[in-house]
Every structure is written in C-alpha cells, then in structure tokens.
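One letter stands for each residue in the lines below.
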Amino acid sequence: MKNIKLKVARVEKDLSQEELAKLVGVARQTIGLIELGKYNPSLSLCISICKVLSKTLDDIFGEE
Amino acid sequence: MNLFWERTKSADERITNSQNIIYKESYNVAMLICSISIVTKFYIYGYDIKFIVSELFVILIPSLFFAVRTVWLGLYSDEVEIHDRTSKVPMSVKGIVTGAGFGVAIALFFGIRSAILYASNNSQRVWYFILVFCVSLMMYCPFLISIIAIPHFAASKVSKMVNSKNEE
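Top to bottom, those sequences are chains B and S. Sequential numbering of the first sequence, starting at 1, is according to the numbering used here. Sequential numbering of the second sequence, starting at 65, is according to the numbering used here.
If you are wondering where the hints come from, they were derived from the structure by calculation, not from laboratory data. Treat the hints with caution; some may be incorrect.
What the hints assert, rightly or not - Here are the simulated distance ranges between beta carbons:
#: 1; chain 1: B; residue 1: Ser44; chain 2: S; residue 2: Arg133; range: 21 to 29 Å
#: 2; chain 1: S; residue 1: Ile97; chain 2: B; residue 2: Lys51; range: 39 to 47 Å
#: 3; chain 1: S; residue 1: Leu128; chain 2: B; residue 2: Tyr39; range: 23 to 31 Å
#: 4; chain 1: B; residue 1: Ser44; chain 2: S; residue 2: Val168; range: 38 to 46 Å
#: 5; chain 1: S; residue 1: Leu96; chain 2: B; residue 2: Tyr39; range: 28 to 36 Å
#: 6; chain 1: S; residue 1: Ser151; chain 2: B; residue 2: Val8; range: 27 to 35 Å
#: 7; chain 1: S; residue 1: Phe173; chain 2: B; residue 2: Ser16; range: 45 to 53 Å
#: 8; chain 1: S; residue 1: Leu128; chain 2: B; residue 2: Ser44; range: 27 to 35 Å
#: 9; chain 1: B; residue 1: Asn40; chain 2: S; residue 2: Tyr107; range: 47 to 55 Å
#: 10; chain 1: S; residue 1: Arg133; chain 2: B; residue 2: Lys51; range: 30 to 38 Å
#: 11; chain 1: S; residue 1: Met95; chain 2: B; residue 2: Asp59; range: 42 to 50 Å
Even for Gly, the Cβ is constructed at its ideal location relative to N, Cα and C.
Based on the sequences and whatever the hints tell you, model everything.
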C-alpha cells in the first residue's frame, strides 16, 4: 500500500526524494520504493526518516 | 523477487536477517577454500589451468550470478549512488584509474623485462624499455580501461532502467 503520508511530509519540508535520501543516508530509490509501498523499511530507517521530517512514527507509518 | 520459486512462508525477520548474514559468510568461506585449493594445486602440480577448472567455476559462476542479479534488481545504480555520495572520487573515475594503473604496471613489467633480457648495453636497455613500455601502454591501457569501464556503465544503465520500471 502506498505511503501517502510520507510523500506529504516530504513535500511539506520541500524536499525531493534525493534530498531526503541524502539526509537519511539511503539511496533515492529506497525512498521511492517506501513511498510506493514496495519496500518495508526497518524500524531504525523509519525513525531516521521521522527525525528528518520532524514527525512521529505514527504520523508517517501509522495505519490510515 | 524470488528466483528459485520458494514458497513464501511467514518467518521471523530477525531470523531471516541472521540467516542472510550466515549465507554471506558461507559464501566467503567457500571462496576462501577455493582460493587455498588453487594455491595448493599450483604448488603441487605446477601452473596448469586444467587442474583448477572446478575451482574457477566455483569462484566465477556465483560471482557472475551475483553481478547479474544485482543489476537485474536495480541495486547496482543505488550502490554507485551511495558510493559517489560518500566518496571524493566517483566509482567511474576509480574504475578508469584502476584500469590505467594496471595497464601502466603491465607495461612497466614488460618494459623492464625486455630491457633486462634482450639488451646488451645501457643505451639499448633504455631504448628497449621505452619502446616496449610505450607499445604495451598503448595496447593494455585502453583494453583494461574498457573492460572495467564498459561493464560498469552498461550495468549502471540497465540498473537505472529497472529502477524506473519499478517506480511506474
């Protein structure tokens, strides 16, 4: 299932996928696949993404 | 994306990740054993490739499989991206420099060897060295650079194509 919340949070911070990937320390493709729902990130990656986007885990990865 | 059509059964991810680490270590152990076997066979039977064909198969075919799978899953371009982000020198430049470096090393070896074996005086030695070094450099550098750079660029391109298909 697509992760729309992640995309919205990223756009709110005015970050491209590449910029977010650079800040988090992963490849751009990884961010793209997480947003498409084709890759399940580890907890530590989820936490890193949330820290960069200044959101909580529930805000981005919680159930809709 | 399972190549061997294994039934996907529910599994603890910690166990799966730990098993993957063990598989990687097993692969490294197998490569090490093959390398030791090659050295031992060369020592016992002499430098003949027919004695080490099975070891070469064991080393080359899984490595080739790994390379092809990495490209096919779109991982290669991501690895290059992460590498280029953290390194001062891009991977493509490193490949070209490595190829050129090996070319120079081989040219030096042949130049020095020709100068020592075939020259009879100092001026001849210098001339033979320069001649053989330059010709070997012209032959080996482009060849080695292309066998490193061309697969790298081709793999990057295919990997990027796979990635863009995945994002559709």
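Are there hints from earlier that the structure breaks, and if so, what are their numbers? Violated hints: none; all satisfied.
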